[in-house]
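Sequence lines, in order, name chains A and B.
Residue numbers for the first sequence follow the working numbering, so the first one is 2 and each next one is one higher.
Residue numbers for the second sequence follow the working numbering, so the first one is 188 and each next one is one higher.
It is possible that some hints are incorrect.
[Stated by the list, open to error] Cut-off 27 angstroms, straight-line C-alpha distance, at most; resulting in silico cross-link-like pairs (DSSO-like, lysine-lysine): (1) A:K172 x B:K197; (2) A:K282 x B:K380; (3) B:K209 x B:K275; (4) B:K377 x A:K256; (5) A:K153 x A:K230; (6) A:K282 x B:K377; (7) B:K383 x B:K420; (8) A:K24 x A:K324; (9) A:K177 x A:K282; (10) A:K153 x A:K24; (11) A:K172 x A:K24; (12) B:K410 x B:K420; (13) B:K410 x B:K275; (14) A:K282 x A:K250; (15) B:K197 x A:K324.
[Stated by the list, open to error] For the chain A half of the interface with chain B, some residues (derived, Cβ under 10 angstroms), not all of them: (16) L39; (17) H41; (18) R43; (19) S268; (20) N269; (21) K315; (22) A318; (23) E334; (24) A336; (25) S342; (26) W348.
Hint data in this document are derived by calculation from the structure and do not stem from the laboratory.
No residue lacks a Cβ here, since even glycine has one placed at the ideal position from N, Cα and C.
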Amino acid sequence: MSLREGEVRIPSGCAISGIMNRKGYLFSGHDIIQSIALMHDRSNGLGGGFAAYGIYPDYADHYAIHMFYEDSFCREETELFINDHFNVEVGGRIPTRKVSSITEAPIIWRYFVQPKAEKVMEMDLEEDEYVARLVMQINAKFPGSFVVSSGKNMGAFKGVGYPEDIGEFYKLDSYKGYLWTAHGRFPTNTPGWWGGAHPFTLLDWSIVHNGEISSYDANRRYIEMFGYKCTLQTDTEVITYLFDLLLRKQGLPLKAVVTAMAAPLWSNIERLAPEERELVKAIRTVYSPLLVNGPFSIILGSRKGFVALNDRIKLRALVAAEKDDFIYVASEESAIREICSNPDRLWSVAGGEPVIGLLEGVEEL
Amino acid sequence: MNQNITIDAKGIYYRQLNEAIKASLQDKINTIELQNVNGQRYIGAGITNDATISIQGTPGNDLAAYMDGLTLQVYGNAQDGVANTMNKGTIIIHGDAGDALGYAMRGGEVYVKGSVGYRVAIHMKEFQEKVPLVVVGGKAGSFFGEYMAGGILILLGLRGREEQPIVGDYCGTGMHGGIMYIRGSVEEHKLGKEVKPVEMTEEDHQRLALYVGRFAEHFGEDKEEILAQPFTKLIPYNKRPYGNLYVGA
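Please take these sequences and the hints and turn them into a complete structure.
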């Protein structure tokens, strides 16, 4: 007999965690699984996932396309399209192991590819833009096929289940990366499905997100003017595209992007020094449809590093720490201490205050 | 008679840990030491007892929620939601604490040596002899004392992140009961529309001496030095700030 309202309590609220080594030293997925597993009760088994950077050194110059297919017919259809637009170096199933709690997995495939040079020239695009457009096309026009990730030397691994089980399923302890992010999901407004688990990615951007975006429709309408298609039935994907638009396409500095997305309140802007005040006003005015409203804490991963960010009035939890060359962020302090018991520095992150972790020698994300 | 027990919490799920605590209390044990705590939720939650629990490590969210009488010593940082709706008892945190500490708290005392996060003492309340107290040694985030309906909230600013002010924005927004004391001054723009700074009375000085004295005792600090600096006293303008909001008047 199923329990009724009031007879069961599900304590939860999504969990995020991230670890990076600034020197680019590679480490296995063990720690990130331990960290996100500690926050088990923040999710409810309807979604877990990881983004890993630096995991494919043998194919570092290839785009690693991770795919979900509902059936082999979807795969065949989509592969025709992929073969048409890319030179596929190698493709095959992503290795998984049996985990009793993980069921109804789609067909999970990956391809290491290079865009076909003549097609890129024909369309007169940068390679990244070419790949981004094709990813959008696959997600929009191939029902049952879904691009999980599409960056170089990185990949997303996600599904329906608790994150620690998803990590086990994908054998993440056997991969080595310099940056890992993780998510435990408690879906609120949308169903829990494999494609809807976090991280959400485009090229080498990945987002894990705890919260809810009440500005979703405003953000979506704006981003759609630039050719992005929101197809994944969840608010989080729009954040990925916002970062892609502002950082990759428009080349804005990270600080300006953060100001646009978690803009200070007008009353606080009024008290800034004149020069900064004018700049922040300009950003708020030009990018007002990109203000992300509602409670959130997010980690944006990229090949150059990450940024973690809270909404401006801190409606979600976020803690950061440093130890030697490692930098950590998580929804709870204990999730950091689980893998780094004695950090050099640990702090609670303020609302709208970015935590930026960049690889050595890199100045902008 | 004193009965002690030590529990190693390493890798123990919060439910088992809290069951072990309750079982120990039923066996009349009055001092429990928890070692290697990391992230376990609800420690001390809903327990009516006058035993002491000392916690080594980082206890998880909702520490002491609905707690009714225990004394908790936390040797580490606490996370979010400490003393949520707590009724009675004492919590002494020898580190920092997270967001929403003292949420809807209705009795007992919380002392934090370090800093606290956002929305501390949100909707703390009092009734007759039940007057909850929160003393914070470090700094506090925004929405400090938001919708506070009663109790005493003291912020000392003795330590904390250098780049941060003693208190964030929207301090006392919606406050309609209780008293807040902040060591030093607070810029007016940080105050919610519902609070005003007022002169300290002799009663206030006595009250501060009492509670800052207890704070100093818990953490081995110099009470006189802390009290040497003037405090800002904040109280609400109006006990029912929204009383006319929906009456169509």
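Legend entry - Unsatisfied constraints (hint numbers, rising): 9
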